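Asker: Chain C is already provided as a structure; the job is to place chain W on it using the hints.
So the chains spell out like this:
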Amino acid sequence: MSTAEPKPAAPPVLQVSDLEITFNTRAGPVRAVRDVNFQIAKGETLAIVGESGSGKSVTSLAMLRLLPGAPFCKVSGQVLLSHEGRQTDLVTCSADDMRAIRGRHASIVFQEPMTSLNPVHTAGTQIAESIRRHIGLGQRAAMERAIELLDLVGIPDPRRRAASFPHEMSGGMRQRVMIALALACDPSLLIADEPTTALDVTIQAQIIELMKDIQARTDLAIIFITHNLGVVADVADKVMVMYAGSPVETAPVADLFERPLMPYTRGLLQSVPRITFSASRGQPLPAIRGTVPSPLALPQGCSFGPRCDWFLSGTCDADTPLLQPVQRGHDVRCHRCETILKELAIQ
Amino acid sequence: MSNATLAPAAPRIRLFQSPALRRFLRHRLAVIGTITILTMVLLVVIGPWLMPFEPTSTNIRNRFLPPFDSTHLLGTDPLGRDTLTRLLHAGRISLAVGFAVMILSMAIGIFVGTVAGFYGGALGAALMRFVDAMLCFPPIFLLLAISALINPSVISIIILISAASWMEIARVVEAQVRSLKERDYTVAAEALGARDRRIILREILPNAVAPIVVAATLNVANAILAESYISFLGFGVQPPTPSWGNMLQDAQGYLRSAPWLAIIPGIAITLAVTSFNFIGDGLRDALDPRMENR
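Protein sequences appear in the order of chains C and W. Oh and the first sequence: position 124 is 125 in the working numbering, straight run, nothing missing. Oh and the second sequence: position 228 is 209 in the working numbering, straight run, nothing missing.
Excised from the complex, chain W in its bound form:
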């Protein structure tokens, strides 16, 4: 999954000669962000297998244990469940939601943006005005309004957040497609008998990869954040399934007595979101050829 954010940084072959990769590696925060994300992904994928506890097994005798306890490294929650175990399981959900939203909203955004940008005219104008209209809603109200009406589950949360976040990508793609379809090589491909589909898939989109990748990376960060706050507000992933957002919600009542219950998932969210933002920044600089001489 992590490859999705990295691979397009370098055009297929010649990975190690790629000036884009070199520029990315020079961006220190982006490298730190990448390492952080890779570590997090690794931890949440294999971590739960190594933990001796179940995320839902309660132990009334060991409630509110503070971190660095001999058996519970990050302590326990009000029901005596191991916080580290829950954090790792929650990370699976939260990161998976982030990536799934990214993929889904990319699919919608690229499709809408390409159709609008390539065919233009009344259809393109209608699609882009629809995008504008969607962007008019503050996303938090959109998310809460819809999630109040449906039965929340991980799948429905993914669909919901995607529905509220594909517009950004659609705009980026539309602008790119509109400019790239006028390029000489696109006209040349048409002059050599290429069909629309081929022109879009082979000539236009590969040249728009850079801004799409940047938008996608930032999209993951926003999706993780969105999942956290709708779960925090109780409309998202429902207990007992842990997510970073509903761990925060659980901790709400004990901020004074057991602050670590809020701090630990809070750190996880902050780390993930800032790391993705740094990666996005790094990719933006690395993939912008105008940065070459700086």
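So that you can see chain C by itself, here it is in the shape it has in the complex:
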């Protein structure tokens, strides 16, 4: 999974172009997300990485149109989802089409397994209900399918567990139920919005293994949103790094970890704590100085400029850099990436 093999030339499951999200706040309109472009093919996993507030969750919610409506929030651009041989633009399609797609062709798993299940219905009922809604199976058939799904997500004794209420299950088990719920109608796209953040590490690993296993079986396209770079290295084929609402680097996962080019990505990778007893022990963990700028007051030029070690006055604060290909499949938004590339070659 860690190597990006060339995929057959079917239309991508999801193609996002020029996605831009603007919130109308009391302080004026805020462009929370802009210039988001990516596509994802069958069986592929795209990881979206970034700090809190970088716009990754908003992007995922916008793709399924789960953000508040028109006066508060405006989404523009194109989100093309391929399903049943058709393409639908999720930004402009009707509310009814959107509802028919949600949970049927594109599903989302949220961060909080403890609160994402309704406490008054059993696990089986909740899954069966989604199946009946979208596929129109009878009650008994839907429940049988729900039990199969619970089995698929690795819940022991699925028949008994289908009759359990959420409060009778652990966090890991509830997240498995959430995944079963998301996969109930065999969607072609799964958006996982920090699905493992609220779980402890051993359960995290199990959930990630489970998702990889299901992907191998069903050719599911997964968008994996996280701030955990260890998880990214494990699951992703492609990575998109977001900073202050826009992608700053996209690359195949191996490239990104071997040769990160955008200074922000480099900073992120350096600030991961490592479990070693090397010479660096006792040294302070390298951190990116400063904080994420407010989307109301982005700096002139490159939005990462003020925090960047490679900052060059007159270039970086002059105009906003574009996301440009540096190598095949590796795009970087940085005025100075040529210099960085050269210096890396020397080392």
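Worth flagging that the hints you see were computed from the coordinates, not collected in a lab. There's no promise every hint is true.
Unchecked claim - A few chain W residues that face chain C, going by a derived Cβ cut-off under 8 Å, partial list only:
id, residue
1, R164
2, D165
3, V168
4, A172
5, L173
6, G174
7, R176
8, G215
Note that the structure is a prediction, hence the values are computed from the model and not measured. The beta carbon of each residue, even a glycine, is placed where N, CA and C say it ideally should be.
Answerer: Chain W alone, transformed into the frame defined by chain C:
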């Protein structure tokens, strides 16, 4: 009918393991209240069949008999009608009015509260301001003013009291819906393609059952009381149909000579109202999960 007040205390299955039911049973007054209400319902439903008298059959020779008479257990009234028979028939009317008002005002209150809470915005604000405006009227004047204009009957009394008592429930429901629609599982249901109606009926309302049940129970008590006092004031259920309220009114002139005529329906009203209030208290404690560790 009594099941309506009890069933939601325990989430469907596992009735006997339900901690809510256990907490309710520990609330002694609530249990006594439940038993009292069940007994009253049983008595007014089957009692009249067993009585040898008709509630409207007069007997001039046996006027003003005191209670514990050999044939008339609770005595007779100024027209010689059997008080126990009338009390049981009146109980049918009064309790039926209580439950019917509860159902009707729940329907209105839940509908208005849900619409206001779920859709919010200008519509929600308008609805809730209307609720506030309705609450501004003292209910007794509202009831009397309207009942003076219409032709009183049991049905119109039910509609009238409902119209004056749905606001409480609307407020409770609105607050619940507004908070529950932001819950993760509601958002998750939306993300899985659920429609508004399904989200309201399957995700939101089942989680708001507890406060609704409590409000409904107290609503029955208030409705019985409201029926009593508008009947007492002569605008409610009209004689010869007996109700606890108009039995009190009949007794008014004989408070000194035959006080039991007022005391007997008075006890019935007090018992019913306090029992429902105790049940409401018990349900409130039982259904509040924060009470778990007390």
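Asker: Compare the structure with each hint and give your call.
Answerer: Tested hints:
Nearest Cβ of chain C to the Cβ of R164 (chain W): about 7 Å, under the 8 Å cut. The hint holds. A hinted interface residue such as D165 (chain W) counts as satisfied when its beta carbon comes closer than 8 Å to some beta carbon of chain C; here the least separation is about 4 Å, so the hint holds. The restraint placing V168 (chain W) at the interface with chain C holds, with a minimum CB-CB distance near 7 Å, inside the 8 Å limit. Taking 8 Å as the C-beta cut-off, the interface hint given for A172 (chain W) holds, the closest approach to chain C being about 5 Å.
Hint on L173 (chain W) holds. Least Cβ distance to chain C is approximately 3 Å, under the 8 Å limit. Given hint, G174 (chain W) at the interface with chain C, holds; its Cβ is 4 Å from that chain's nearest Cβ, closer than 8 Å. Nearest Cβ of chain C to the Cβ of R176 (chain W): about 6 Å, under the 8 Å cut. The hint holds. Violation of the interface hint for G215 (chain W) is found here, the shortest Cβ-Cβ separation to chain C being roughly 47 Å, above the 8 Å cut-off.
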